[in-house]
Structures are given as structure tokens and as C-alpha cells.
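Colleague: Take these sequences, add in the hints, and give me the full structure.
Line by line, the protein sequences give chains A and B. Position one of the first sequence corresponds to residue 9 (our numbering), numbered consecutively onward. Position one of the second sequence corresponds to residue 9 (our numbering), numbered consecutively onward.
Careful, some of the hints might be misleading.
Note that the list lumps identical chains together, so a pair holds whenever it fits in one copy or between two copies.
To be verified - Each computed DMTMM-like pair below joins lysine to aspartate or glutamate, with the alpha-carbon atoms no more than 20 Å apart: (1) 66 to 221; (2) 175 to 64; (3) 66 to 205; (4) 275 to 286; (5) 119 to 295; (6) 275 to 90.
If you are wondering where the hints come from, they were derived from the structure by calculation, not from laboratory data.
Protein chains: 2
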Amino acid sequence: MTVNREIHLASRPHGWPTAENFRLVEAEVPTPGPGQLLVRNQFMSVDPYMRGRMNDVKSYVPPFALDAPLDGGAIGEVVAGEADGIAPGDTVLHGLGWREYALVDAQGARKVDPDLAPVTAYLGVLGMTGLTAYAGLLDVAAMQPGETVFVSGAAGAVGSVVGQIAKLRGAARVVGSAGSPAKVERLRALGFDAVFDYHDGPVGNSLRAAAPDGIDVYFDNVGGEHLEAAIGAMRAHGRAAICGMISQYNATEPPAAPRNLGLIIGKRITLRGFLVRDHQHLRDGFEREVAGWLREGRISYDETIVDGVANAPDAFLGLLRGENLGKMLVRL
Amino acid sequence: MTVNREIHLASRPHGWPTAENFRLVEAEVPTPGPGQLLVRNQFMSVDPYMRGRMNDVKSYVPPFALDAPLDGGAIGEVVAGEADGIAPGDTVLHGLGWREYALVDAQGARKVDPDLAPVTAYLGVLGMTGLTAYAGLLDVAAMQPGETVFVSGAAGAVGSVVGQIAKLRGAARVVGSAGSPAKVERLRALGFDAVFDYHDGPVGNSLRAAAPDGIDVYFDNVGGEHLEAAIGAMRAHGRAAICGMISQYNATEPPAAPRNLGLIIGKRITLRGFLVRDHQHLRDGFEREVAGWLREGRISYDETIVDGVANAPDAFLGLLRGENLGKMLVRL
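Modeller: Spelled out as C-alpha cells, the structure:
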């Protein structure tokens, strides 16, 4: 018998999660029934939104259960089972990461072509991550050519794609914030017009220096002080697509910022929270456009890869601390 | 010579304004030149937004100048001058209140028919106040029939119209908050489904009791704790039209609330600040619809009238303290 190693949620974190909140469990590799596929996972994604699911609160997705495997985006090869035109040898994208072998309903799997792009791209720039960037920037914030865009967490998987799409779609100026000198340097190489390290001083000051004429669009991955700075820098009719607020996910006290929300009246600012799942209708156009940019070498993506399911909790904790450049993945 | 009495800004308030920030000044009644009208003002409006203009900060309208007359919506009769088809005897709406006689550019005046509606209605339900309610509810927040609407400051000039339009346009449930038992009673008489006095406990608790299934639309006149409660009560895809934040206009410390802004992601909430001047294209439809409801007796409006230009500062201060029911006006 082959052993299936998977990561369970051992306890719910209060504040910052630690290794003790996770448990490596060995289980039997399951056998697929009718309509099911057994997938040998090759890569799994860790994402900031997973922190919210570790709390036992009602939200847009159910919380993770205690003493059961976590889940999330993953890609792998079908090794048993056949259904819906998917057969052993096929590569499929699905939602049961955090384990080496996944028993997947064929309806919840999507066959992808591993020759068209590296399989990891389907978890990143060509997958949910890329669509999040695309939909938030172009649909939720409705960026127009000639505008100035600010994106926080710009060296992350979503942020780096946001900035590049903004340039490719005609933004006049793209500003990013990141958490280390190496990230700042990398974003400059990706074509950002201005980048600052948010450790270097109040975010509001750094943003004013980077965008002296103000911003039209803010893509928020961070919340708090970053959102306050963006509201302060907004021009009239500015729009913020609120994708994440990673500064608050582990907070045990309510945030003090933004303290300037009253400005949204006179400036006629729109703040809109969104989830990528409401924007699936954009997927065909997104894939066509981004795949084209990839082929032409006009868009780049970074990956930070951690090896082994046993290290998936570390990958996740590192993500929350900003240790990744681009997409954080676990090779299984 | 007839004396023209006008109110000047004597000093800029810090925190709550006081009588000492205003000065009654006697001046000569001016003589109209070409293209100008001399208007004997009959009524002037005091509005919460004027508090912001008393600060010396760059905003969407220039701040009031020190030692010069304040301004704002007014209505009166032309007593001299003739231009653009307007002549003595006509009633005009214009932007130079806070004075008994106004020298108005004919281009900045709008002739209205005093036989169609009481002249005060043109400053309230049929004027900027009514259009603010109409545009914010139907355009900015895009209220749909069958939805649940919450409006704060509901006994004010804008709020009471918001609630009534919501019902007339098919809202399933309209909830209002107000600041006294008399206001609560009045709003029930106007057809609000549930009303609470925000002094009676945490706003979040009162709102949950008044709208146990949540809200779809929030029309914000108050900000702070009210906005936090509304975000907490919002259903998925809820929208807030941010019209005012009167709870903060006199604050000298940044607001502590809303502390739950992170919820706008999972709930996909839109918060949008607006100014009525961006929605002038709705005016014809608005006037037709609201005038019809007025004729049919399906919409009511309250007015709190203070007499004499010398008491205009008191009227304004009373407005900030919530002493008005409906539209606060000064009879000149």
C-alpha cells in the first residue's frame, strides 16, 4: 500500500498561526469510485485567504474543519479513475491540495494542457491568481488607459501581475509597494514606474513621493495604513479594488486605519471588495490575453517553491510573513 | 438706502463651531450691472456640508473666506435687473444665501414657478436635497425593488426623502435611525418599517433587531459607528452610498470606526462616496417623479424654519446638533 501524507488543521490559530496548528497525517491512498479520479498532486498553492478559513466564523467559504485535511488549489496527474473525458495520464487542476493523493470528483476537476504552459502557471498567472489580478484591475476598478495605478503587496503573486497588466493595458504610471529591497528591485525590473519598501517610512509619504499627482486606481492586498495612504492620494472619482487585507489577517485588535474614510465623499471614491469567483465570466478573455502576453514574453511571473507536503505549513507561514517572491507553491 | 444684512465667517471653528465664529455685518444693497439680478432672498438653506467649508483645507469646493459672507442655496424674488429671460417679480433659486439681498449672475440663477410648489420645496424635496436622496439611493446605490434599505440621519432633510423614495420604488423593508423619540415617531408615520433611536444602545444591536435578515443598501449620512453597523449587517453584494458623515464633521480626533472594513471583501460590498453635482443628468426625471408623488400626496416633507438672517448661525448650529426635523431653513 502506498501512503498518502496530508496536512490537517490541528487547532485554530489565535493571531499569528504557528507550526502547532498543523499536523502531518498518514492515510491510505483512496480508491476512486464512479465519477471520481485519483490524482497524484504535483503542486499545491498556499494563499493568504486560507488564514481566514482557519477561524471558526461564518464567511463566504466554510471554515476549515479541525482534524481534517486542509484544502485549496492543486494540480496533478490522474493515476486512476476515468470520467467526464478525463483519464489516467491527464493533468488536472482541482481544489484538494494539502495532500499527496487527492480523490477528486471529475466535475470538480479541470483538464489542462501541460505542453501549453508549465503546470505551475495554471496555479498562478494563468489560474485563479492571474484572474484575480485581471478581474480586480479591469472589471472591479475599471482601470482606463492613461490612469495612475497603485498596488500594494506588489511582489506577491497577484500584485506583480496587477502591475504588469496595468502597464500592458495602458496605465500612465504604475506604483507598487513591497517589503524588501530585493522585491523593490525585482518590481522595477518588471516595469513598475515607481516602487517603495513600506518599511522605509509612513506609507502615505512614500506614496506621495512615488505618485506626486495622485492615483486613480488602488489594488489593495494589504489594508490598514496602505488603504489610508491610497485614499489620501486618490484623485476625484478614484476606485479601489479591495482584494485582500493581509495586514489584518493575524491581528487580534481592530485596525486603527484607515482614519480618513470621510474623504471618499468629496473625492467621490469607490471602494469595492471582490472575490474572483464572481468574475468567472471573464476567464476566456483573460486566458486568451494573458497566454498571448506569456508567449510574446511581455509578462513575467515569479515562483517561490517549497518541497514536500510536510513543509506546506512552513510555506504558508512564510507567505504570511512575506517571504515569497511571486507565487508561493509547494511541490508534492 | 436699504441696509443689506449678511453673515460673515469671523473665524474658523476648531471642533464644534460656536456663535463667535460668525459675524452679522451691515452692508449697502448692491446695484445690478449687465447680466446681473438683485434678489430679495426669502429663504436660505443651512446644510451639514457647510461645516467642511469652514475649514481651510482643499476640498471639492473652495473653503469659505474669512471676513466675507458665507454662501449656499437660497430662493427669493428679483427686485432689480433683467437678463436671460429673468425679470423683476420672478422667483429664482441661486447660490448666495446668508444675506438678505443677493447680487446674482443671471447665469447662476434658475427661475422657478412659485405656484407649482411652495418656494421652500425648491430648497428641499424638489431641490438639491431631494436630488441628493434620489441620486444616492437609485443611482449610486442602485437600489432594486425587494431590497432592504437602511438610512441613517433618517429624520433629516435628505434621510426622510431617501426612506420614502425607497418605499415608493419598491423596497421590501426600510429602516431608519434618528436621534430622538419624536423623530422616531415621525418616521414611523412617514412609512418607515422600523426606526430606532441611536441613543438607545450600540447601533449594531439596534440595526440587527430592526433588520434581522440583513440589509442590501445603506444610505450614510452619519459615518462612524453607523457605517460599521451597516457593514456588519450587509448581505452579499450590498452597496453603501456615502452622502455624509456628520458624526465626524466636528471631531478633533480620527474616528475609531468602522473597524470591520475587512468584511467588504467576503461580502463583496461597494462603498461609494458621492456629490449631488455629479448627478445633474437625473434632474428632469427626478423632478417629474417627485413632483408627481407630491401632487398625489404620496411623499411628505418636514421643515424647521428659523426667522431672520441674524439667527442663521443658530440655525446652522442647531442643524449640527440635530435640532431640526426635516429641512432646516432660515426665513429672511
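Colleague: Check each numbered hint from earlier against the structure, then list the numbers of those it violates in ascending order.
Modeller: Numbers 2, 3 and 6 - these are the hints that the structure violates, sorted from lowest upward.
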